[in-house]
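Participant: Protein chains in written order, with my numbering: chain A, 1 to 591; chain B, 1 to 591.
Be aware that a few hints might be false.
No copy is singled out in the list; a pair is fine if it fits within one copy or between any two copies.
[As the list claims (entries may be wrong)] In silico DSBU-like links for lysine-lysine, alpha-carbon gap of 35 Å or less:
id	residue 1	residue 2
1	K192	K497
2	K400	K572
3	K572	K529
4	K400	K529
5	K400	K104
6	K497	K529
Honestly, the hints are just simulated from the structure, not real lab data.
Keep in mind that this is a model prediction, so the values were computed, not measured.
Protein chains: 2
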Amino acid sequence: MAQLRIALAQTNPTVGDLAANADRLIAWTRDAAEREAHLAVFTEMFLTGYPVEDLVLRTSFVDASIRTLEEVARRLEREGLGELPVVVGYVDRAGLAPRVGQPKGAPLDAAALLHRGEVVTRTAKHHLPNYGVFDEYRYFVRGDRLPIFRLHGVDVAIAVCEDLWQEGGPVSVVGQAGAGLLVAPNASPYEKDKDDVRLELCARRAREAGCALAYVNQVGGQDELVFDGDTVVVDGSGELVARAAKFEEELLIVDFDGLPESAAEPGTYPYDAGDGSTITVERLVLSSEPVAPYEPLPARVAESLDPSAEVYSALVLAVRDYVVKNGFESVILGLSGGIDSALTATIASDAIGPERVNVVLMPSRYSSDHSVGDAEELVRRQGVTARVVPIAEIVNAYEKEIELSGLAAENLQARVRGMILMGLSNEHGHLVLTTGNKSELATGYSTLYGDSAGGFAPIKDVPKTMVWELARWRNDHSGPGFLLQAERPIPESSIVKEPSAELRPDQRDTDSLPPYEVLDRLLDDYVEKDMGSRELIAAGHDPALVTRVIRLVDLAEYKRRQYPPGPKITPKNFGRDRRLPITNRWRETTG
Amino acid sequence: MAQLRIALAQTNPTVGDLAANADRLIAWTRDAAEREAHLAVFTEMFLTGYPVEDLVLRTSFVDASIRTLEEVARRLEREGLGELPVVVGYVDRAGLAPRVGQPKGAPLDAAALLHRGEVVTRTAKHHLPNYGVFDEYRYFVRGDRLPIFRLHGVDVAIAVCEDLWQEGGPVSVVGQAGAGLLVAPNASPYEKDKDDVRLELCARRAREAGCALAYVNQVGGQDELVFDGDTVVVDGSGELVARAAKFEEELLIVDFDGLPESAAEPGTYPYDAGDGSTITVERLVLSSEPVAPYEPLPARVAESLDPSAEVYSALVLAVRDYVVKNGFESVILGLSGGIDSALTATIASDAIGPERVNVVLMPSRYSSDHSVGDAEELVRRQGVTARVVPIAEIVNAYEKEIELSGLAAENLQARVRGMILMGLSNEHGHLVLTTGNKSELATGYSTLYGDSAGGFAPIKDVPKTMVWELARWRNDHSGPGFLLQAERPIPESSIVKEPSAELRPDQRDTDSLPPYEVLDRLLDDYVEKDMGSRELIAAGHDPALVTRVIRLVDLAEYKRRQYPPGPKITPKNFGRDRRLPITNRWRETTG
Numbered sequence: 001m002a003q004l005r006i007a008l009a010q011t012n013p014t015v016g017d018l019a020a021n022a023d024r025l026i027a028w029t030r031d032a033a034e035r036e037a038h039l040a041v042f043t044e045m046f047l048t049g050y051p052v053e054d055l056v057l058r059t060s061f062v063d064a065s066i067r068t069l070e071e072v073a074r075r076l077e078r079e080g081l082g083e084l085p086v087v088v089g090y091v092d093r094a095g096l097a098p099r100v101g102q103p104k105g106a107p108l109d110a111a112a113l114l115h116r117g118e119v120v121t122r123t124a125k126h127h128l129p130n131y132g133v134f135d136e137y138r139y140f141v142r143g144d145r146l147p148i149f150r151l152h153g154v155d156v157a158i159a160v161c162e163d164l165w166q167e168g169g170p171v172s173v174v175g176q177a178g179a180g181l182l183v184a185p186n187a188s189p190y191e192k193d194k195d196d197v198r199l200e201l202c203a204r205r206a207r208e209a210g211c212a213l214a215y216v217n218q219v220g221g222q223d224e225l226v227f228d229g230d231t232v233v234v235d236g237s238g239e240l241v242a243r244a245a246k247f248e249e250e251l252l253i254v255d256f257d258g259l260p261e262s263a264a265e266p267g268t269y270p271y272d273a274g275d276g277s278t279i280t281v282e283r284l285v286l287s288s289e290p291v292a293p294y295e296p297l298p299a300r301v302a303e304s305l306d307p308s309a310e311v312y313s314a315l316v317l318a319v320r321d322y323v324v325k326n327g328f329e330s331v332i333l334g335l336s337g338g339i340d341s342a343l344t345a346t347i348a349s350d351a352i353g354p355e356r357v358n359v360v361l362m363p364s365r366y367s368s369d370h371s372v373g374d375a376e377e378l379v380r381r382q383g384v385t386a387r388v389v390p391i392a393e394i395v396n397a398y399e400k401e402i403e404l405s406g407l408a409a410e411n412l413q414a415r416v417r418g419m420i421l422m423g424l425s426n427e428h429g430h431l432v433l434t435t436g437n438k439s440e441l442a443t444g445y446s447t448l449y450g451d452s453a454g455g456f457a458p459i460k461d462v463p464k465t466m467v468w469e470l471a472r473w474r475n476d477h478s479g480p481g482f483l484l485q486a487e488r489p490i491p492e493s494s495i496v497k498e499p500s501a502e503l504r505p506d507q508r509d510t511d512s513l514p515p516y517e518v519l520d521r522l523l524d525d526y527v528e529k530d531m532g533s534r535e536l537i538a539a540g541h542d543p544a545l546v547t548r549v550i551r552l553v554d555l556a557e558y559k560r561r562q563y564p565p566g567p568k569i570t571p572k573n574f575g576r577d578r579r580l581p582i583t584n585r586w587r588e589t590t591g
Numbered sequence: 001m002a003q004l005r006i007a008l009a010q011t012n013p014t015v016g017d018l019a020a021n022a023d024r025l026i027a028w029t030r031d032a033a034e035r036e037a038h039l040a041v042f043t044e045m046f047l048t049g050y051p052v053e054d055l056v057l058r059t060s061f062v063d064a065s066i067r068t069l070e071e072v073a074r075r076l077e078r079e080g081l082g083e084l085p086v087v088v089g090y091v092d093r094a095g096l097a098p099r100v101g102q103p104k105g106a107p108l109d110a111a112a113l114l115h116r117g118e119v120v121t122r123t124a125k126h127h128l129p130n131y132g133v134f135d136e137y138r139y140f141v142r143g144d145r146l147p148i149f150r151l152h153g154v155d156v157a158i159a160v161c162e163d164l165w166q167e168g169g170p171v172s173v174v175g176q177a178g179a180g181l182l183v184a185p186n187a188s189p190y191e192k193d194k195d196d197v198r199l200e201l202c203a204r205r206a207r208e209a210g211c212a213l214a215y216v217n218q219v220g221g222q223d224e225l226v227f228d229g230d231t232v233v234v235d236g237s238g239e240l241v242a243r244a245a246k247f248e249e250e251l252l253i254v255d256f257d258g259l260p261e262s263a264a265e266p267g268t269y270p271y272d273a274g275d276g277s278t279i280t281v282e283r284l285v286l287s288s289e290p291v292a293p294y295e296p297l298p299a300r301v302a303e304s305l306d307p308s309a310e311v312y313s314a315l316v317l318a319v320r321d322y323v324v325k326n327g328f329e330s331v332i333l334g335l336s337g338g339i340d341s342a343l344t345a346t347i348a349s350d351a352i353g354p355e356r357v358n359v360v361l362m363p364s365r366y367s368s369d370h371s372v373g374d375a376e377e378l379v380r381r382q383g384v385t386a387r388v389v390p391i392a393e394i395v396n397a398y399e400k401e402i403e404l405s406g407l408a409a410e411n412l413q414a415r416v417r418g419m420i421l422m423g424l425s426n427e428h429g430h431l432v433l434t435t436g437n438k439s440e441l442a443t444g445y446s447t448l449y450g451d452s453a454g455g456f457a458p459i460k461d462v463p464k465t466m467v468w469e470l471a472r473w474r475n476d477h478s479g480p481g482f483l484l485q486a487e488r489p490i491p492e493s494s495i496v497k498e499p500s501a502e503l504r505p506d507q508r509d510t511d512s513l514p515p516y517e518v519l520d521r522l523l524d525d526y527v528e529k530d531m532g533s534r535e536l537i538a539a540g541h542d543p544a545l546v547t548r549v550i551r552l553v554d555l556a557e558y559k560r561r562q563y564p565p566g567p568k569i570t571p572k573n574f575g576r577d578r579r580l581p582i583t584n585r586w587r588e589t590t591g
């Protein structure tokens, strides 16, 4: 039985920045070497970042990925790190003849083993996810290999991400072929309550494979996706051995003791993979000699976060990375005194620091005194930069030229505010954050080019009832990496008062919508659970409300398409994972 | 050898309007019966419309599709049409146990044969396209059958759309199993120059199958897709027998003579489909007796359209259907006197009639006299409804509250115009058409929430040089179904003058962009052909221009995502068929 220390690089690559990702690989491998690891494992497509979407269909991009991989291998050797084997994800190509239906260039979601300046072996993901936020049949062809390399006497297998999730394929072959450890680079986005699913999956696959399993996951924001890290290691019986933090970068060091030594013959062996395909196992040997006995480090198991901490941390990380990775220095948003903009401002302050957050108070003839007061109170508490731009004169100027009434007049006010923010954004280079929540977005309770104008929508996937929860939670807690130091950063009055868009006298959200407690339950059943109208009524929702709300949701598809991207925290965030035709005459209520 | 008359229903279903689509099926089947056809064939997913996207993941929607199919079968019988067999596309389900990676409910892109009040047999598409505008791995599971039914002694096989395009699968089995005719329901979107590809494909498959092939295609606009019809029939040697019009509904009647009679035994037979799958051929008999000899009708082969006629007709149809299917009565757009808005107005007048087209002239301090004059001239020629809304005072009102300079000040003017159109749209219920062309969209030469504000973007996929071509063509031609009667509807001055955004004094497009002849060639190579920077330079493009333009294109991704949908006429219309990460540090020029 052998020992082995592995370093799992839970890191934050940037899509398309191959040079910076390569630098990061070198730095983190040095760290792993200094901590005397015997193997370093990076995440899926780490060198290119994930997901790269149509970039992968460009020959020049795939060329650059392969070239970067080979350069990194040589550079590791040059910098004295060549003895430490590194597993890393990148993009390769399969070299297949073109055919209809096959992605151009036959790209592979690949992983390679680097050692002594060489790319020792290459493999690629077999199961291609094409559901939810994934479109991988569009981008990749299947891999059909399972490399198993011997490291200090222990056989280590490599499988990529989705190959853990689906039945059959390379992971099903590990048990038949025999290995002491399975390492799996991942880029698995955050979703509320997904961590338990992941741990259970890893435990099950470890038991099936009869070996320990190290699951290393990307961390960081990438457009609508937030990668939460949550790297986990389980032993061959499925017991949790180690776990990294969520929403933070971490080099997780894990000491294994008692891994089986192997003397299996090197070579290639075909296996029936149980899914109609044949997987070729490639056995190779880096080193057969077990490591000299050493004192293992204590296992690190990061504490789990409570549900609000988890969601809030996801939003902070998403905003920070969207701002930074897109090259912005600062953000701007409208602050109304209501809870949505208050929470958005707080997330932004936590993400990039209040000194880089600009808020604009844009009172109209319908703004209440308490709105302005609550907005000013938030500014005082957080120390964000504020200015006031009254909109009345601008609205008057429009109304002198065109006659608008009712909803059109209400929308005009929201649009004047949106255009002021866009103007200030263009003039000063701030990224505009929109402040709409998921309940509004779902029902279309929002103005196209008004409150929806901007570059990123931090709480787009947060239902109104959760907006309140998060605000209360944040007033009572801080978290790792939150840059805002203020105590109770959100004025209590913004949390407790009745929601109003304040676009006409004495307007209340409940004039147009049911109470949010009722609405959010219904939206969850309709949107997330895809329940039909009969099911919704059977589940206890008011029949008239079902008719009214699902009609609102279906008709708001165009508005949602025009909405800025925002961090996904639920299975269906109205981003790339829920797509309805705009021209759609299907009415659930008649179905 | 036997005769057979088939009726191919090149029709325009509406997505989600199952009741209306069913009514249309009944009406067109009656027409087919009156014209003494022996078989009527409708398009792919005709009963649901195509594409339905996430609707297909709803249990209630699939239930409704299946129920509608069965009701339609009974209704045909009730209405005295039960003797005429009907092939029609709809959505069914495979009844598979759920598993990771499989679309929820295991939906099928199905087709059924209806006869004497019954659903006689059902099949489903085997090859699922998941490239370009198609995402069918997300929505469907594969079919694995090939029904061959005997009709008046002739064996007729049914295969759906993509099964013609890819190698192997049901179509490859037709030749082995033997059939006299293959009918293929399609929903194949228009793309410039695609008709020749389609005809060649049908000819090849007919020769491979050794039988005649009837390809019936959907017609009409559906969000970004335009279905062009172009239904074609070829004989077993691949010769063109009949062809329907493009961009119009048509019941194409085709008389076959000399089709082989069959006496093959009914039953089910497994075949190796050459793509790793087994296809079950189901042979059944409706009628063995050949039809009594009759005088065939002369073959109808619609004339082909010239390239400009084709594109222009596609845009007219797309606008008409987007307006009508979304329930609008009228459109509104800004008319600047430039060629983009002039062409857009003309397309709209042709689509829904000039009396339903509203244009707004929104002169600013930088508008030239000729701009206003050209706009007024178009109004005179076409008879659209015009109003003038000067923007200077509104712009002044903004500038009193916030200081904006340079690009921010230019954007403000565009945004004021956008907000005026949106206000009038909200007040009067007009659909806002945006007037940006593809060259602008590609390079980001457009204002977010300014000229890009609206519901539909008719020339979004039309490069500037083609905008001029189409304008010239339209001044010289009319076309079937164009509702505008005016002679030379576009003022010549709008066509010949130098393009300018007129957002600052003496501004010219060439201040920011290369001449459009140069730009459009470069964009075509970079965007449509995915050429990398080295290839572009090798192809003769100016190196400095390559660097500048592809940087513009890559950085404009966010703006493009916020752009309204518009008809797709090229392989990459910046709609659902080209997807880049917004946070993307890849620079082609460094690759």
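Participant: Under the constraints set out in the numbered hints, which ones does this structure not fulfil?
Facilitator: 2, 4, 5
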